[in-house]
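Peer 1: Here is how the chains run, residue by residue.
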Amino acid sequence: MSVVHHPDITTLMAFSAGTLDEPYALVISTHLAMCAACREQIKRIDLIGGALLDAEEEVPVEDDAVDRLFARLDTPKEAGDTINVIPKVRDVPAPLVRYLPDGLDAAPWKARGGGVWTCDLPVSANAQSRLMLLKVGAGRAVPEHGHGGHELTLILKGAYKDRFGRFGPGDIADHDQDVDHQPIAEMGEDCICLVAVDAKLNFRSRIMKLLQPFIGM
Amino acid sequence: AHGTAPIVDPAELLSRIAEQKDRQALAELFRLLAPRLKSMMLKLGADSALAEDLVQETLLAVWRKAHLYSPERGAPVTWIFTIARNLRIDQLRRLSNKPYEDLDGIDATDDTPTGLQVVEQQQMVSRVKSALETLPDDQRQVVKLSFLNDMTHSDISAALGIPLGTVKSRLRLAYGRLRPVLEDLQ
Ligand SMILES: [Zn+2]
Ligand SMILES: [Zn+2]
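Protein chains in written order, with our numbering: chain A, 8 to 224; chain B, 657 to 842.
There could be a bad hint or two in this list.
What the hints assert, rightly or not - Derived EDC-like pairs: lysine to aspartate or glutamate, alpha-carbon spacing no greater than 16 Å straight-line:
1. 699/B / 709/B
2. 785/B / 64/A
3. 164/A / 98/A
4. 785/B / 839/B
5. 168/A / 196/A
6. 164/A / 196/A
7. 95/A / 760/B
8. 699/B / 811/B
9. 699/B / 64/A
10. 168/A / 187/A
11. 800/B / 63/A
12. 699/B / 65/A
13. 800/B / 64/A
14. 800/B / 789/B
15. 785/B / 63/A
16. 800/B / 811/B
17. 677/B / 81/A
18. 164/A / 193/A
19. 164/A / 112/A
20. 721/B / 668/B
21. 168/A / 197/A
22. 164/A / 197/A
23. 699/B / 63/A
24. 721/B / 760/B
25. 95/A / 109/A
Hints listed in this document are in silico derivations from the structure and should not be mistaken for laboratory results.
Given these sequences and hints, build the entire structure.
Peer 2: Take a look at the structure:
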């Protein structure tokens, strides 16, 4: 897969630091599954965390800490091998499988008119942002719009073009607020994207409002 | 070469855990890293009891996952940082899904090894440590708040009373300065 568009370095740094909210972290994880260059980049950035831990001062731990740790090793449930094996699902990169166990086609798509479908993906209750799939029919346009906050869009299938270039599978659009664009899906195949968006700005209602004049709702 | 060689090699301890479930190796790794992990957990706002608990959880995860470690994943201390980070996300923010942990399998099957040995990886850590010390204070501050204090870029912006764009530009500048050292990883 030849990925052209990668996340901003500050987004990758936040991912490495572990401070991204779940929907954004998931979009980055999925991009990493599709992009060898960013997997290498993340290893470099992780070195910052490793070096900071290495440089930490030492705070004494309780005297019996090792004994307590050993006691927990004797509890099979705790010491057991919990490495999760992720089932392979067609068209779904591994990090996304938990969210889409039955594949892209089985996603509960909601038609939004104008050749646009959306599907909200369930995230944990305390997530501050939303995770959704966006499908734009082949050759269809998403009306020109801006972004009120940080928005990450990862292309899973198909491709679209906007003023920033062509975005195909694995490419990520890492947009901060005040970016205006009008993505147009390429002919031949629907374009399916994974989108993380600030919950405070209701992406769907924004899209709906934008679509209204087009579809006469 | 300068300084003295480490008395215990964390990578060797990890392989003894992976291959022989060697408890003595785990105890040594604990002695080596637990006090620093505890300091890190305290910076996250955990009280002493919770910090102790998170340190325990981290070493327990190291015990379980030691067989997944390879030099391709970086120096042991880097790998253990990422384990502690994932635990902290899990325990303090209680995320139900695990976008970070789901990368474990992908990473393990990655066919682009760096070819670096553990010794070189540890030297990289030392060089990044020195490079971090040469950062201007305002850049080092945002890097530390992000990586050690679990603060989002917006949190940092609010806490320091500077625009979000300034937080990001300081991080960008910091990365630019660290870049020659980090990208030596070839
Ligand atoms: Zn990438
Ligand atoms: Zn957009």
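Peer 1: If a hint holds in the structure, say so; if it does not, say that too.
Peer 2: So, going through the hints one by one against the coordinates:
1. Under the criterion of a C-alpha separation no larger than 16 Å, the hint pairing residue 699/B with residue 709/B is consistent with the structure, at around 14 Å.
2. Proximity of residue 785/B to residue 64/A is assessed by CA-CA distance (about 13 Å); at most 16 Å being required, the pair is judged to hold.
3. The straight-line distance between the Cα atoms of residue 164/A and residue 98/A is roughly 8 Å, inside the 16 Å bound, and the hint therefore holds.
4. As the CA atoms of residue 785/B and residue 839/B are separated by approximately 14 Å, the hinted pair is consistent with the 16 Å bound.
5. Distance check on the hinted pair: residue 168/A and residue 196/A sit about 13 Å apart at the alpha-carbon level, within 16 Å; holds.
6. Between the alpha carbons of residue 164/A and residue 196/A the distance comes to roughly 8 Å, so the proposed pair stays at or under 16 Å and holds.
7. Distance check on the hinted pair: residue 95/A and residue 760/B sit about 15 Å apart at the alpha-carbon level, within 16 Å; holds.
8. Among the hinted pairs, residue 699/B with residue 811/B is consistent with the structure: their alpha-carbon atoms are about 15 Å apart, no more than 16 Å.
9. Between the alpha carbons of residue 699/B and residue 64/A the distance comes to roughly 11 Å, so the proposed pair stays at or under 16 Å and holds.
10. A C-alpha spacing of about 13 Å is found between residue 168/A and residue 187/A, which places the hinted pair at or below 16 Å, so the restraint holds.
11. Proximity of residue 800/B to residue 63/A is assessed by CA-CA distance (about 11 Å); at most 16 Å being required, the pair is judged to hold.
12. Proximity of residue 699/B to residue 65/A is assessed by CA-CA distance (about 12 Å); at most 16 Å being required, the pair is judged to hold.
13. For the hint pairing residue 800/B with residue 64/A, the CA-to-CA distance comes to about 14 Å; that is within 16 Å, so the pair holds.
14. Taking the CA atoms of residue 800/B and residue 789/B, the gap is near 11 Å; set against the 16 Å cutoff, the hint holds.
15. As the CA atoms of residue 785/B and residue 63/A are separated by approximately 10 Å, the hinted pair is consistent with the 16 Å bound.
16. Distance restraint check for residue 800/B and residue 811/B: the Cα-Cα separation of roughly 13 Å lies within the 16 Å cut-off, and the hinted pair is therefore satisfied.
17. Between the alpha carbons of residue 677/B and residue 81/A the distance comes to roughly 12 Å, so the proposed pair stays at or under 16 Å and holds.
18. Proposed proximity of residue 164/A and residue 193/A is supported: the alpha carbons are some 11 Å apart, at most 16 Å.
19. A threshold of 16 Å between alpha carbons decides the hint, and for residue 164/A with residue 112/A the separation of about 12 Å falls inside it, so the pair holds.
20. With a C-alpha separation of about 15 Å, the suggested pairing of residue 721/B with residue 668/B holds against the 16 Å cut-off.
21. Between residue 168/A and residue 197/A, the direct Cα distance comes to roughly 13 Å. Compliance with the 16 Å bound is thereby established for this hinted pair.
22. The suggested pairing of residue 164/A with residue 197/A holds, with an alpha-carbon distance near 7 Å, which does not exceed 16 Å.
23. In summary, the hint linking residue 699/B to residue 63/A is supported, as the alpha carbons are separated by about 10 Å, within the 16 Å threshold.
24. Restraint check for residue 721/B and residue 760/B: satisfied, since their Cα atoms lie roughly 10 Å apart, inside the 16 Å limit.
25. Distance check on the hinted pair: residue 95/A and residue 109/A sit about 10 Å apart at the alpha-carbon level, within 16 Å; holds.
Of the numbered hints given earlier, the model fails none.
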